[in-house]
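For reference, the chains in residue letters:
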Amino acid sequence: MPDTVTTVPAGWALGAAAILGLLAAFAAVLDGVFTARAAGAGPSGLTRPLGEMARLMRQRRRTTVAADTLLWRIGSSGLLFMALMIVTVVPLGEWTLFDLDVGVMWFNAMDVLAWAFVWLTGWGANSVHSLVGGYRFLAHGLAYELPLMFALVAPAVAASSLNVGTVAAAQVDLWFVVWMPVAFLVYCTGVVAIAVWGPFTPALGSDIAGGVTAELSGVDRLVFQGGRYALLVAGAAFAVPMFLGGGAGPLLPGWAWVLVKTVALLAVFVWLRRRLPAFRPDLFMEVGWLVLLPAVLVQDLLVAVVVVWRT
Amino acid sequence: MITHISFWALAVVAVLAGAAVFYVNSMARASYALAVSFIAVGVQVLLLQQNYVGVVTILMMVMEMAVMAVYMVMFMGMNPALMPMSMVHDKRHALAAAVGSFVLLAAGAVLIPWPARRGRPPAGVTVALGEELMGPKMLVMGVVGAVMAATIVAGVVLAAHRTRYDRFGDDLRRRPAKDPQPGGVGR
Amino acid sequence: MTLQTVLLVAAALFSVGLYGALSQQVVVMVMMGLELMLNGLILAAAGFWWFLAPDPSGQVLLLVIIVAMTVEMAMGFAVATHLHRVRRVDMTDMAADLNG
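In order, the protein sequences belong to chains G, E and U.
Our numbering puts the last residue of the first sequence at 609; the count rises by one with no breaks.
Our numbering puts the last residue of the second sequence at 189; the count rises by one with no breaks.
Our numbering puts the last residue of the third sequence at 823; the count rises by one with no breaks.
Take the hints with a grain of salt, since some may be wrong.
Simulated restraints on C-beta separations [unchecked claim]: (1) U:His805 <-> E:Lys180: 16 to 24 Å; (2) E:Leu18 <-> G:Ala507: 33 to 41 Å; (3) U:Ser780 <-> G:Ala315: 36 to 44 Å; (4) E:Val105 <-> U:Ser780: 25 to 33 Å; (5) E:Arg166 <-> U:Val787: 32 to 40 Å; (6) E:His6 <-> G:Ala554: 37 to 45 Å; (7) G:Leu570 <-> E:Arg169: 33 to 41 Å; (8) G:Ala315 <-> E:Ala11: 17 to 25 Å.
The set of hints was computed from the structure by calculation and includes no laboratory data.
Keep in mind that this is a model prediction, so the values were computed, not measured.
Cβ atoms here follow ideal geometry from the backbone N, Cα and C, with glycine treated the same way.
The whole structure should be built from the sequences, with the hints applied where relevant.
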């Protein structure tokens with residue numbers, strides 16, 4: 299274990315959850331502002347998430363015939379759970395909740411849970427459109443998951459460790475994003491995908507009446523959508539120790555830099571939503587396997603060669 | 003203390019979820035009950051200090067069960083939640099065999115005088131595993147790699163029904179290939 | 724948490740899996756039974772490693788079990804797909820040609 303990171307008592311998990319919630323709310327507000335701006339004249343959009351939240355809290359739950367309620371609820375609340383589990387291994391400056399020696403694998407294990415949760419949300423409603431959405435997500439998953447895994451290999455190889463704190467500490471001279479940009483871009487693609495965000499929204503597409511979310515209503519919908527924002531936050535936060543140098547930076551203390559970098563990357567993710575076309579699941583499959591995967595494997599090879607050459 | 007409580011809680015979850023796989027009558031529930039059983043065992047392996055193996059178990063099995071659920075729905079083209087039916091054969095003998103094996107294994111576990119612990123766990127368990135795999139146990143790694151590659155080839159050969167003649171035509175000259183599903187790279 | 728209790732839990736998982744593998748008719752359900760048996764094996768191997776001989780080489784066995792599971796799963800899906808395509812069946816009883 300590196301001495302750069304100290305484990306804080308478990309009670310601080312509440313603090314981490316609060317930060318996650320605040321940043322997710324920030325992302326929602328930012329998205330509301332962007333939506334309002336895209337729509338042209340009208341309200342600024344600052345209060346849009348608040349209004350949506352109030353509306354969903356008051357809405358009655360819609361029920362469907364022969365719905366698998368247990369799996370449906372598990373699925374719709376799962377994304378939030380994933381985000382909370384991911385941030386436990388992200389060091390905030392010098393503090394971390396869970397100094398796991400295989401933190402990188404932990405992130406990986408948590409991000410595949412998206413396969414389960416999104417598909418279950420689609421399955422549980424016993425509705426055609428939401429199940430089609432679930433399958434669309436799995437098709438995306440088959441394409442993005444392996445590149446994402448190999449993208450996480452690069453920083454781990456460069457730092458010779460799977461511990462998130464050690465990976466962050468290995469970037470004192472040069473941030474990993476500078477010399478492994480392909481891995482960083484593929485990682486960002488993966489994060490956007492697990493949050494079912496931006497180009498990966500066909501699973502929630504309006505052509506299939508909202509897809510996975512077609513039958514979600516009330517609190518379930520609120521938790522699902524909140525979970526998507528929280529996953530964006532968690533993905534951005536995890537990128538900071540992996541690629542963006544952790545808490546390194548001038549003047550400000552480490553924790554502040556982690557937050558600043560997280561917010562910056564998060565803002566880019568939110569902004570990207572309106573800038574990229576949707577990836578059709580059937581076409582993206584070949585992109586994932588013939589472009590992303592070889593590219594990230596070459597990146598891993600380069601990183602491995604550099605590491606061997608340096609030692 | 004916390005370790006013991008969580009071990010027993012996880013043990014109960016693992017076994018009950020495992021039994022639920024063959025009890026519930028919904029394909030999705032069966033697959034994900036198995037996933038829960040695997041997650042519980044993965045966390046137990048974490049409790050036994052083998053972090054890498056425990057996390058890998060969780061990672062792999064959740065993915066496999068997501069795929070498993072798709073296969074279940076694909077091959078059992080009806081919703082057993084709507085039309086319950088029994089899909090078992092020779093239930094009595096199977097039950098007898100299962101109870102017999104449990105009694106045998108449990109008796110072995112309790113009655114055998116297990117030797118005392120030999121050696122101490124290395125400081126970095128994951129590092130030790132990596133060095134072992136890339137050093138003295140390189141043969142295992144080599145064999146695993148070859149077996150995996152053979153599995154990929156054999157799996158595709160068995161599962162794919164279209165050959166290269168279907169794709170490229172009888173003289174193998176047709177470009178682009180004729181695929182039922184168009185790809186996203188240059189086609 | 725002693726070696727005995729870990730092995731008892733592993734034995735229970737193995738036996739439940741054995742029941743499933745023997746009694747289920749659908750190929751994919753039989754595979755689930757096999758997976759559950761291997762699940763018990765993982766737990767037992769982890770217990771042996773921790774309580775008897777926690778040296779580095781023991782963990783390699785666990786990785787081998789996980790690889791065995793992957794291979795079983797991949798080949799099982801491939802065979803199930805092939806069987807379904809050729810005969811439109813998903814039951815083990817209908818693929819008993821080699822049953823002597």
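task: Evaluate the given range 32 to 40 Å for the C-beta pair formed by Arg166 of chain E and Val787 of chain U.
output: holds, 35 Å
query: Does the Cβ distance between Ala315 of chain G and Ala11 of chain E fall inside 17 to 25 Å?
result: holds, 23 Å
query: Leu570 of chain G and Arg169 of chain E, beta-carbon distance inside 33 to 41 Å?
result: holds, 36 Å
Pairwise beta carbon distance, Leu18 of chain E to Ala507 of chain G, judged against the given window 33 to 41 Å: With Cβ atoms ~37 Å apart, the hint holds.
query: When you take the CB atoms of Val105 of chain E and Ser780 of chain U, is the distance between them in 25 to 33 Å?
result: This hint holds: roughly 32 Å between Cβ atoms.
Outcome for the supplied range 37 to 45 Å, where the beta carbon pair is His6 of chain E and Ala554 of chain G: holds, 41 Å
message: Is 16 to 24 Å respected by the C-beta to C-beta distance linking His805 of chain U and Lys180 of chain E?
response: Distance hint for His805 of chain U, Lys180 of chain E holds at roughly 22 Å.
Satisfaction of the hinted span 36 to 44 Å by the C-beta atoms belonging to Ser780 of chain U and Ala315 of chain G: 41 Å Cβ-Cβ, so the 36 to 44 Å window holds.
Against the hints set out earlier in the document, no violation occurs for any number.
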